[in-house]
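Please construct the entire structure, taking both the sequences and the accompanying hints into account.
Number of protein chains: 2
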Amino acid sequence: MLTLRRLGIDTYRENVAFLSRACTAYRPEDFQALDKIEVFTGARRILATLNIVDDPAVLAPDALGLSTRAFARLGLAEGTAVEIVQASPPESLEAIRAKIRGETLEERQLDAIIGDIAAHRYSKMEIAAFLIACASFMTTAETLALTRAMARVGGRLSWDAELVVDKHCIGGVPGNRTSMIVVPIVAAHGLPIPKTSSRAITSPSGTADTMEVLANVDVGVDAMRDLVRDAKGCLVWGGHVNLSPADDILISVERPLGIDTSEQLVASIMSKKLAAGSTHLLIDIPVGPTAKIRTRAEAVRLRKLFEYIAVHVGIEIVVLLTDGSQPVGRGIGPVLEARDVMAVLRREPDAPADLRDRALQLAGHILEFDPELKGGAGFVRARQLLDDGSALAAMDRIIDGQGRAAAPSALGNRTKKVLAQRDGVVAAIDCYRLARIARLAGAPTDMGAGIDLFRKVGDPVAAGEPLYRIHAQIAADFKFACDLAETGSGYTIDDTGGGR
Amino acid sequence: MLTLRRLGIDTYRENVAFLSRACTAYRPEDFQALDKIEVFTGARRILATLNIVDDPAVLAPDALGLSTRAFARLGLAEGTAVEIVQASPPESLEAIRAKIRGETLEERQLDAIIGDIAAHRYSKMEIAAFLIACASFMTTAETLALTRAMARVGGRLSWDAELVVDKHCIGGVPGNRTSMIVVPIVAAHGLPIPKTSSRAITSPSGTADTMEVLANVDVGVDAMRDLVRDAKGCLVWGGHVNLSPADDILISVERPLGIDTSEQLVASIMSKKLAAGSTHLLIDIPVGPTAKIRTRAEAVRLRKLFEYIAVHVGIEIVVLLTDGSQPVGRGIGPVLEARDVMAVLRREPDAPADLRDRALQLAGHILEFDPELKGGAGFVRARQLLDDGSALAAMDRIIDGQGRAAAPSALGNRTKKVLAQRDGVVAAIDCYRLARIARLAGAPTDMGAGIDLFRKVGDPVAAGEPLYRIHAQIAADFKFACDLAETGSGYTIDDTGGGR
Numbered sequence: 001m002l003t004l005r006r007l008g009i010d011t012y013r014e015n016v017a018f019l020s021r022a023c024t025a026y027r028p029e030d031f032q033a034l035d036k037i038e039v040f041t042g043a044r045r046i047l048a049t050l051n052i053v054d055d056p057a058v059l060a061p062d063a064l065g066l067s068t069r070a071f072a073r074l075g076l077a078e079g080t081a082v083e084i085v086q087a088s089p090p091e092s093l094e095a096i097r098a099k100i101r102g103e104t105l106e107e108r109q110l111d112a113i114i115g116d117i118a119a120h121r122y123s124k125m126e127i128a129a130f131l132i133a134c135a136s137f138m139t140t141a142e143t144l145a146l147t148r149a150m151a152r153v154g155g156r157l158s159w160d161a162e163l164v165v166d167k168h169c170i171g172g173v174p175g176n177r178t179s180m181i182v183v184p185i186v187a188a189h190g191l192p193i194p195k196t197s198s199r200a201i202t203s204p205s206g207t208a209d210t211m212e213v214l215a216n217v218d219v220g221v222d223a224m225r226d227l228v229r230d231a232k233g234c235l236v237w238g239g240h241v242n243l244s245p246a247d248d249i250l251i252s253v254e255r256p257l258g259i260d261t262s263e264q265l266v267a268s269i270m271s272k273k274l275a276a277g278s279t280h281l282l283i284d285i286p287v288g289p290t291a292k293i294r295t296r297a298e299a300v301r302l303r304k305l306f307e308y309i310a311v312h313v314g315i316e317i318v319v320l321l322t323d324g325s326q327p328v329g330r331g332i333g334p335v336l337e338a339r340d341v342m343a344v345l346r347r348e349p350d351a352p353a354d355l356r357d358r359a360l361q362l363a364g365h366i367l368e369f370d371p372e373l374k375g376g377a378g379f380v381r382a383r384q385l386l387d388d389g390s391a392l393a394a395m396d397r398i399i400d401g402q403g404r405a406a407a408p409s410a411l412g413n414r415t416k417k418v419l420a421q422r423d424g425v426v427a428a429i430d431c432y433r434l435a436r437i438a439r440l441a442g443a444p445t446d447m448g449a450g451i452d453l454f455r456k457v458g459d460p461v462a463a464g465e466p467l468y469r470i471h472a473q474i475a476a477d478f479k480f481a482c483d484l485a486e487t488g489s490g491y492t493i494d495d496t497g498g499g500r
Numbered sequence: 001m002l003t004l005r006r007l008g009i010d011t012y013r014e015n016v017a018f019l020s021r022a023c024t025a026y027r028p029e030d031f032q033a034l035d036k037i038e039v040f041t042g043a044r045r046i047l048a049t050l051n052i053v054d055d056p057a058v059l060a061p062d063a064l065g066l067s068t069r070a071f072a073r074l075g076l077a078e079g080t081a082v083e084i085v086q087a088s089p090p091e092s093l094e095a096i097r098a099k100i101r102g103e104t105l106e107e108r109q110l111d112a113i114i115g116d117i118a119a120h121r122y123s124k125m126e127i128a129a130f131l132i133a134c135a136s137f138m139t140t141a142e143t144l145a146l147t148r149a150m151a152r153v154g155g156r157l158s159w160d161a162e163l164v165v166d167k168h169c170i171g172g173v174p175g176n177r178t179s180m181i182v183v184p185i186v187a188a189h190g191l192p193i194p195k196t197s198s199r200a201i202t203s204p205s206g207t208a209d210t211m212e213v214l215a216n217v218d219v220g221v222d223a224m225r226d227l228v229r230d231a232k233g234c235l236v237w238g239g240h241v242n243l244s245p246a247d248d249i250l251i252s253v254e255r256p257l258g259i260d261t262s263e264q265l266v267a268s269i270m271s272k273k274l275a276a277g278s279t280h281l282l283i284d285i286p287v288g289p290t291a292k293i294r295t296r297a298e299a300v301r302l303r304k305l306f307e308y309i310a311v312h313v314g315i316e317i318v319v320l321l322t323d324g325s326q327p328v329g330r331g332i333g334p335v336l337e338a339r340d341v342m343a344v345l346r347r348e349p350d351a352p353a354d355l356r357d358r359a360l361q362l363a364g365h366i367l368e369f370d371p372e373l374k375g376g377a378g379f380v381r382a383r384q385l386l387d388d389g390s391a392l393a394a395m396d397r398i399i400d401g402q403g404r405a406a407a408p409s410a411l412g413n414r415t416k417k418v419l420a421q422r423d424g425v426v427a428a429i430d431c432y433r434l435a436r437i438a439r440l441a442g443a444p445t446d447m448g449a450g451i452d453l454f455r456k457v458g459d460p461v462a463a464g465e466p467l468y469r470i471h472a473q474i475a476a477d478f479k480f481a482c483d484l485a486e487t488g489s490g491y492t493i494d495d496t497g498g499g500r
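Quick note, the sequences are listed as chains A and B, same order.
Each step along the first sequence adds one to the number in the numbering used here, with nothing skipped, and position 178 is 178.
Each step along the second sequence adds one to the number in the numbering used here, with nothing skipped, and position 469 is 469.
I should point out that these hints are in silico values taken from the structure, not numbers from a laboratory.
In this text, a Cβ means the ideal position worked out from N, Cα and C, and glycines have one as well.
There could be a bad hint or two in this list.
[Said to hold, decoys possible] Straight-line alpha carbon distances no greater than 25 Å define the calculated DMTMM-like cross-link-like pairs of lysine to aspartate or glutamate that follow:
no., chain 1, residue 1, chain 2, residue 2
1, A, LYS479, B, GLU83
2, B, LYS456, B, ASP483
3, A, LYS479, B, ASP483
4, B, LYS479, A, GLU29
5, A, LYS304, A, GLU83
6, B, LYS479, A, ASP62
7, A, LYS374, A, ASP357
8, A, LYS479, B, GLU29
9, B, LYS479, A, GLU486
10, A, LYS416, B, ASP30
[Claimed, not checked] Chain B is nowhere near these chain A residues, computed Cβ spacing over 10 Å in every case:
no., residue
11, CYS23
12, ALA57
13, GLY115
14, ASP323
15, ALA351
16, PHE369
17, ALA407
The structure is reproduced here in structure tokens:
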């Protein structure tokens, strides 16, 4: 028997157990070669990767240390007597081996795999095996089964409404914060739109990050329900809702491996929408040479897959292909994006027209889910709700409902203007590069960090005129961002030629 | 800047870095989401997975801890000032993504992947991605390129001889310790046979484990060279030779995932033989219903792949399919197997005939690599060298050269006879099950643990007569082994019927 200890080591998503090399109750080296052990007492048990500790200051000889999250998952007190055994690999790994051999998987096999992943029975290595086996080929039936399996293992929301609308953008275009305009418009119309968003992971800001400039986004399910009842909408971080716990784990492996298949993307999004109780869904796929989806053909394939899954899980869907050729609005980074969003809602004369137009277009499509609205009337209704201040009022209700941010975050006060090297017309802006520069500047951790764009595609510019301004708070971040901008602004400037 | 500290935590094959959550020089949470960091000072750098430490007793705020092996790999003193950056994923991951998309890889891409793996730039998750991408399909040209890439990153042996022979068994049959008889026979004939072997990983004994009962096997390359010059052969552990460091890393992921493709197996073996400077090679593929290769068709496909690779890397090869339907010899476990081997070499009357016959068959094929021997004369020559004591004398030279074991290890003194449940004839013995029982009994860690077989396939047996005896040292191991034997001895006993 070993004595349980919580080791203050955060191994992120992987359960890690620590055993002293001087352990007398077990032979550490025998276990380590096997890579994974089961820690248990009675019926409580978790799987964990084993690390061996040589330093008695870190762990006593007959103690069993667990990383912070593994300790929480096991849910026993420090000092509890625990045992360990060689972990038998999850049985569902057999299905993955079948997939590798070229078989297609049935729903019950995908259920078993996703159940084991959600229960933290898979190591990252095993998750990678699953993802790669699926990446080489996956039928639409498998994608559907995967979507259902992923929805099943998470929480599930239900709403007292026949029509619950939602929107989702697959991302990749900086500044594209349409949700923060669409949600108040749709809520002002009276359609329930309980929007959960993610925080940025590799981008300079997620909708949750930008919304956090204005309001608390750390909202539980009950408060969310109250909000949707009272204000018809919300803009909260999805972290509490736990809609697709397996997906969160899958993403932690997909991202570093750079696996980005349509099937995984669609299953990930649709499982969350299914679990969120959405009945009607708008998907926004920006297409552009530096966006996530680069060609129209690719976008159309993705659209068809979304439609197939939606039909089969019973969600009404509209998939729009939008312009992803350059950033949307002027700001990139939480504070700057929130500024743009509020400028549109407040109908300020210099509010970015592209952000406004796009939000109206999307909101219009969502409003047409309302059977009361005549076909084609959605856009006009959306514009009306924006122009008459109803959307702004709805946004104020949502902000107050979630909890208004105490003080507005300041813009980063280290600034640098990046200048045009030549005369001409802006021909292209590299979304990916600008996102990286904004990210290096400190966004989204520093809410005030980011990029403020002065020129968009089609604008004329003279050599020496500013293209954009970098904002940062921390000296090192500022330098990294400026250095990257120095090696390439991300702007392509062409001859004005015969004029355009 | 951070201060380097060696944390006494052995994370096995993966580099792990530890950073305090209270770190002021960096933002731990930013780095952790990225999973991998680069730790460096000047030109010295390693990649590592990042864990965050909450316990100040484990790590001070501005220290950077490294797991024991990562610390050794970086090769800097404790207290050195180091920096960290987000690690860019190895560029060769791009080739893996291409492979996932269905492309075939060129030699330079496989070179880059294997180089990065050998340099510990891949996490287990990334290695799994590579292995699974290859497992779904791999051309023979890719297998060849992989073999060459794996041979290239390791050490390389060269010998002052035109003919350097070697043998390799793909394993899966307990007690099959022919190498320890073949090597002395071949050495006695005068052909250089520098045999390196592995220790058991999932089996109850590897050749290195069994040889260690008799002699030191922990021999460096220089001593090995002296041995081969003086005694013409050796039987050493391959751990010092570092012939295929990438393979050792790949195996640490293949095993827990249960990936076992022919392509990986052949590339693994042939890369080591290529690096070992072998010119002529005998491959032994045991075929049997409970062995690694279960059908003749599978064995023939594997043979053809071995032959293809051998031709292209310039190694002369003979591939034999042998009987893998039951254990070879009587002992399973280091001490028991060493007893069988020495009984054959010493020409004891009760030496196991199947082990002797098989070793002679294999040695005969190897001896025929000698251009001086007439076709078909190899077996006779092998038998002559065994019968006239030359092989025993050669084994004594090899044992003395490597360093004779001080005291012979004792057989485990906890014993249990497993009895036949009925009268009849032994129809089958489950290799896999007996290996598991012997392993549970403590083999190979306890050299004296294992199984001593009293009956083989075809032997008559009466109910209540012993089939085999379990030997163990440690009470818990003994119980586990006996428990498993209780649920099924691994023997199938059929009616004697009208005789066989």
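Consistency of the hints with the structure:
1. Under the criterion of a C-alpha separation no larger than 25 Å, the hint pairing A/LYS479 with B/GLU83 is consistent with the structure, at around 16 Å.
2. With a C-alpha separation of about 22 Å, the suggested pairing of B/LYS456 with B/ASP483 holds against the 25 Å cut-off.
3. With a C-alpha separation of about 66 Å, the suggested pairing of A/LYS479 with B/ASP483 is violated against the 25 Å cut-off.
4. A threshold of 25 Å between alpha carbons decides the hint, and for B/LYS479 with A/GLU29 the separation of about 20 Å falls inside it, so the pair holds.
5. Between A/LYS304 and A/GLU83 the CA atoms are separated by roughly 51 Å; this puts the pair beyond 25 Å, and the hint is violated.
6. Under the criterion of a C-alpha separation no larger than 25 Å, the hint pairing B/LYS479 with A/ASP62 is consistent with the structure, at around 22 Å.
7. Only pairs whose Cα atoms come within 25 Å are accepted, and A/LYS374 paired with A/ASP357 is accepted, the gap being roughly 21 Å.
8. Restraint check for A/LYS479 and B/GLU29: the C-alpha separation of about 20 Å stays at or below 25 Å, so the hint holds.
9. A C-alpha spacing of about 70 Å is found between B/LYS479 and A/GLU486, which places the hinted pair above 25 Å, so the restraint is violated.
10. For the hint linking A/LYS416 to B/ASP30, the alpha-carbon distance of about 24 Å falls within 25 Å, and the restraint holds.
11. No Cβ of chain B comes within 10 Å of the Cβ of A/CYS23; the nearest lies about 12 Å off, and the non-interface call holds.
12. For A/ALA57, the non-interface assignment is contradicted: its Cβ lies about 7 Å from the closest Cβ of chain B, within the 10 Å cut-off.
13. Non-interface status of A/GLY115 relative to chain B is upheld: no Cβ of that chain comes within 10 Å, the nearest being about 19 Å off.
14. Under the 10 Å C-beta cut-off, the non-interface status given to A/ASP323 relative to chain B holds; the minimum distance is some 27 Å.
15. The claim that A/ALA351 is not at the interface with chain B holds, since no C-beta of that chain comes within 10 Å of its own (minimum 32 Å).
16. A/PHE369, annotated as away from the interface, keeps every beta carbon of chain B farther than 10 Å; the closest lies near 35 Å.
17. Against the 10 Å criterion, A/ALA407 stays outside the reach of chain B, whose nearest CB is about 22 Å from its own CB.
Violated hints, listed in ascending order, are 3, 5, 9, 12; each of the other numbered hints is respected by the structure.
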